[in-house]
Amino acid sequence: MKHLNLIVIVAWVSLAIQAQTNVAPSPGSTTGAATSLSTTPAVRRAPTRIDSDSLDFDKTAHQMVYRGHVMVDDPQMKLTCALLTTDLPESGGRPSRIDAETNVVIDFFDDKGQPNHATSDRAIYVFNVQNGVTNETITFTGNARIENAQGTLTGEPIYWDRANNHLHADNENMVFRQNLTSVMANTNPPAAEATNLPPGTNAVIDRNTNSPAGADF
Amino acid sequence: MSIPANITWMMAAAGAGLLLTSAPGLRAQQDIVNRASNFTTIEYYGGTNQLQMKSRLSGAEALPQPGGLLIIKQLKLETFYPNGGPEIVVTAPECLYDPMGGTASSAGPLQVQTGDGKFRIEGEGFLWRQTNSFLTISNHVQSAGESGATIGTKP
Numbered sequence: 001m002k003h004l005n006l007i008v009i010v011a012w013v014s015l016a017i018q019a020q021t022n023v024a025p026s027p028g029s030t031t032g033a034a035t036s037l038s039t040t041p042a043v044r045r046a047p048t049r050i051d052s053d054s055l056d057f058d059k060t061a062h063q064m065v066y067r068g069h070v071m072v073d074d075p076q077m078k079l080t081c082a083l084l085t086t087d088l089p090e091s092g093g094r095p096s097r098i099d100a101e102t103n104v105v106i107d108f109f110d111d112k113g114q115p116n117h118a119t120s121d122r123a124i125y126v127f128n129v130q131n132g133v134t135n136e137t138i139t140f141t142g143n144a145r146i147e148n149a150q151g152t153l154t155g156e157p158i159y160w161d162r163a164n165n166h167l168h169a170d171n172e173n174m175v176f177r178q179n180l181t182s183v184m185a186n187t188n189p190p191a192a193e194a195t196n197l198p199p200g201t202n203a204v205i206d207r208n209t210n211s212p213a214g215a216d217f
Numbered sequence: 001m002s003i004p005a006n007i008t009w010m011m012a013a014a015g016a017g018l019l020l021t022s023a024p025g026l027r028a029q030q031d032i033v034n035r036a037s038n039f040t041t042i043e044y045y046g047g048t049n050q051l052q053m054k055s056r057l058s059g060a061e062a063l064p065q066p067g068g069l070l071i072i073k074q075l076k077l078e079t080f081y082p083n084g085g086p087e088i089v090v091t092a093p094e095c096l097y098d099p100m101g102g103t104a105s106s107a108g109p110l111q112v113q114t115g116d117g118k119f120r121i122e123g124e125g126f127l128w129r130q131t132n133s134f135l136t137i138s139n140h141v142q143s144a145g146e147s148g149a150t151i152g153t154k155p
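Quick mapping for you: the protein sequence lines, in order, are chains W and E.
Residue numbering for the first sequence follows my numbering, starting at 1 and increasing by one per position.
Residue numbering for the second sequence follows my numbering, starting at 1 and increasing by one per position.
Heads up, some of the hints might be wrong.
[Said to hold, decoys possible] Not the full set, but computed from the structure, chain E residues with beta-carbon under 8 Å of chain W:
| # | residue |
| --- | --- |
| 1 | Met53 |
| 2 | Ala107 |
| 3 | Gln111 |
| 4 | Gly123 |
| 5 | Ser133 |
| 6 | Ser138 |
| 7 | Asn139 |
| 8 | Gln142 |
| 9 | Gly145 |
Bear in mind the hints are in silico, worked out from the structure with no lab data behind them.
Every residue gets a Cβ at the ideal spot worked out from N, C-alpha and C, and that includes glycine.
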């Protein structure tokens, strides 16, 4: 049991770190908004595309607002939503806030080529530097869910602290998939635990974990 | 009729002609078929940056229309940062320009490019409101940006 939980925790930490690498806003990227959830490797890469039904560019308010069928197509991620608002800091630098709203879907690949799928009603990216400390977070709210081959995390909300490679969820519900073949091939079997469950019950597969307060992964 | 205080109008004509009378306040020349060429109108920042251009709207031709409107051919709209650096450049085959209302609009295509040329937007149908520097692209927005483009940031 403890062994299995460890596998799950490692899997999610891995997801967070890999996703951080691949689903993060690019410094200085314009598409800021849209691309804010995309990556900027050091090497030159294909352009990021952002399509939508309409666009408002408000020079006075320093905002770009993409409306209707918003699609962000980046070499390492795809995002769709109905409304994408980017705050463009007057003083320069990367977008300070990017707000994706309504049916937000983000698909991205980690550096191992593993697909990850995030959905929520809203995803808010915030970046700022205070007293020399960089704060960079993505907050998923409203039916927030992040899924990959290891399992599915839901929460309200799910916080992704990109600056510290940390994933945190309040009211989380974690469902993980376990591939028995891979587990058996790559790990030693866990020590048998004392249980009151009847013989033949598998207490570790497809287990749901619920905790009342926030949980860290 | 009055003109917004921080907007200065400039027009130049390629050929000799008459003063444009359809838009009071404008200083321009036009040929005998009511076509002004090399149309340019400039909006300046206020306050301490009053000599700094905020936006410049220009066109190869300006065709006066009823109500003081102008059809601008080969539109080029440029916006600038307070320090003078280029922000965005909007181009379109033509648009309808309202000098008094400070708007430019078209149902046709347009292209937008950031000052550094790294981010481009295409779409169909637009409205530019000069007074509050607000650009709406109405349909089929397609944009592409290179890594490191700097829209909305200092040049």
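Status of each hint after checking the structure:
1. Met53: This hint is violated: Met53 of chain E lies away from chain W, its Cβ roughly 13 Å from the closest one there, beyond 8 Å.
2. Ala107: Since the shortest Cβ distance to chain W is 13 Å, the answer is violated.
3. Gln111: Since the shortest Cβ distance to chain W is 13 Å, the answer is violated.
4. Gly123: At 7 Å from the nearest chain W Cβ, Gly123 of chain E passes the 8 Å test, so the hint holds.
5. Ser133: For Ser133 of chain E, the interface hint holds, since the closest Cβ of chain W sits about 4 Å away, which is under 8 Å.
6. Ser138: Holds - the Cβ of Ser138 of chain E comes within 8 Å of chain W, reaching about 5 Å at its closest.
7. Asn139: Where the cut-off is 8 Å and the nearest Cβ of chain W is about 7 Å from Asn139 of chain E, the hint holds.
8. Gln142: holds (5 Å)
9. Gly145: Nearest chain W Cβ about 4 Å off; hint holds.
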